[in-house]
Amino acid sequence: MSTDAAVTLSGVSKTFPSGTVALAPVDLAIAPGRFVSLVGPSGCGKSTLLRLIADLIVPSSGTIARAWTSGPSGIGFVFQDPTLMPWATVADNVGLPLRIGGTTGDVNAALARMGLADFAKAYPRELSGGMRMRASIARAIVAAPAMLLMDEPFAALDEFTRFGLNDDLLALWNAHRWTVVFVTHSIREAVFLSERVIVMSPRPGRIVGDVAIQFDQPRTAALRNSHAFVDACARVSGLLGEGLAA
Amino acid sequence: MKRLLPLAFGLIALAAWEAAIRIYQVPEYIMPSPRAIAQAFGKDSGDLLAGLLVTLEVTVAALVLAAFTGAGLAFLLSQSKLAEQTLFPYAIILQVTPIVTIAPFIIIWVSNVFVVLLILAWMAAIFPIISNTLLGLKSADPNLRDLFRLYGASRWQTATRLLAPSALPYFLGGLRISGGLALIGTVVAEMVAGTSGARSGLASRLLEASYRLELARAMACFALLSATGLVLYLLLDALSNRLLQHWHESARTE
Ligand SMILES: Nc1ncnc2c1ncn2[C@@H]1O[C@H](COP(=O)(O)OP(=O)(O)OP(=O)(O)O)[C@@H](O)[C@H]1O
Ligand SMILES: [Mg+2]
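If you're matching them up, the sequences are chains A and B in order.
The numbering used here puts the first sequence at residues 1 to 246.
The numbering used here puts the second sequence at residues 1 to 254.
Isolated chain A, as found in the complex (with noise of 0.2 Å):
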């Protein structure tokens, strides 16, 4: 495992108090300025990896490198839900990493790109659900993160929203090069949107594909219709098939 990795997992694993084995020993490591996706069926610990990356967990054994420093600056997350403040406004909500840093950044430059920049002013619970989503992802780009971690965040979009999403979350990740470790139960997405898939097992969770996407940037929506796209998608859901098998 290099050492120059953003982060590297050595047999981590996760057992919850309740006797939840949410993760069986897992090896990783994300070279940095990587776009990295998980895809896994539902419940085999992907957002307990997630969380134990962002140290918002300790894991029950094994260790992990991170080559981030802490704060807005090193780390953003995306959580499933939006986890916006309902006592703020969207700028207010976005704003929040760099008050709490106290660095600077643009945030309507973040809103803006978010394609928010008309609701700096309004409310959580004036937005949609698909706006909140994308309030929460301005959130996290805002400081400009080494490390972007996503949990699903497209997954109650439309598949038209997420679409749209999806390149400018990918035209985003090809201006600023951030290492990303994105979660989705949308094999297309991941194989879209990502260099390389982590298929993990159900749980408890196990890596049982790693399959690297070699697309060319920037990538553009007519790939989704072209047969090596197809293939890839293959590959992955092949694995996944193998992996509830197994």
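Treat the hints loosely; a few may be bogus.
To be verified - Here are the simulated distance ranges between beta carbons:
{"#": "1", "chain 1": "A", "residue 1": "F160", "chain 2": "B", "residue 2": "K2", "range": "42 to 48 Å"}
{"#": "2", "chain 1": "B", "residue 1": "K2", "chain 2": "A", "residue 2": "N174", "range": "54 to 60 Å"}
{"#": "3", "chain 1": "A", "residue 1": "S128", "chain 2": "B", "residue 2": "S139", "range": "23 to 29 Å"}
None of these hints come from the bench; they were simulated from the model.
Beta carbons: idealized from backbone N, C-alpha and C, even for Gly.
Starting from the structure of chain A, add chain B with the ligands where the hints point.
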């Protein structure tokens, strides 16, 4: 319409009361008619309003004190499980003890009447604020807590930007209950402490009037106190809606 209905009901009840007193010719020292009560109020309105002002001073001071000390205590209890487990039972004891039973001791220990009343009304008012605020502090969204931790927020930043706003709706709910309790506490304290003279509150005046069988005057005091409680509630309700209007479900406009 929703506001007119209770009003209409009240007027009908008053009319029925007035009629019954006249038909059966009930003497005023047993049961005064609404008209007699209104007249009693008209005669000494200056005096009664002065009494109300004294009562209000204590009530408002006790409520403000309870709001600050209650929220502060709740915050301290929320910071440590050990502190909560050790001290919260005493808050409950404070709540379940009838304050009348503590009054004689406070009266012996404290010479200033205003302070005696303040302490007793404060004791009556503080519990809902402590328990509600504590509940609110503990109900902060766990994902938001994680986010603050992830960003390396200081204890102060977490307290002011996350915990305080999360607890605000609960605190305001407690405050609405405590407003009424502070008034009740003040009234009970006045009656027990037996204040008298120009600086006496409305409750002591009510008691005095009833001793002298001036029931119309006593009931005027009573009506004034009820109205005060109602106004206090409406004011706190308006405050709550104002502070929460943009974001909390309880303050939804439509
Ligand atoms: N705090 C917790 N305490 C106890 N068990 C937990 C906790 N968090 C997660 N689990 C358990 O760990 C397992 C993995 O949960 P996790 O949230 O990581 O799954 P997931 O892969 O993200 O699922 P989904 O795709 O449905 O979001 C589940 O069985 C869950 O019940
Ligand atoms: Mg999950």
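Okay, which hints does this one fail, numbers in order? none
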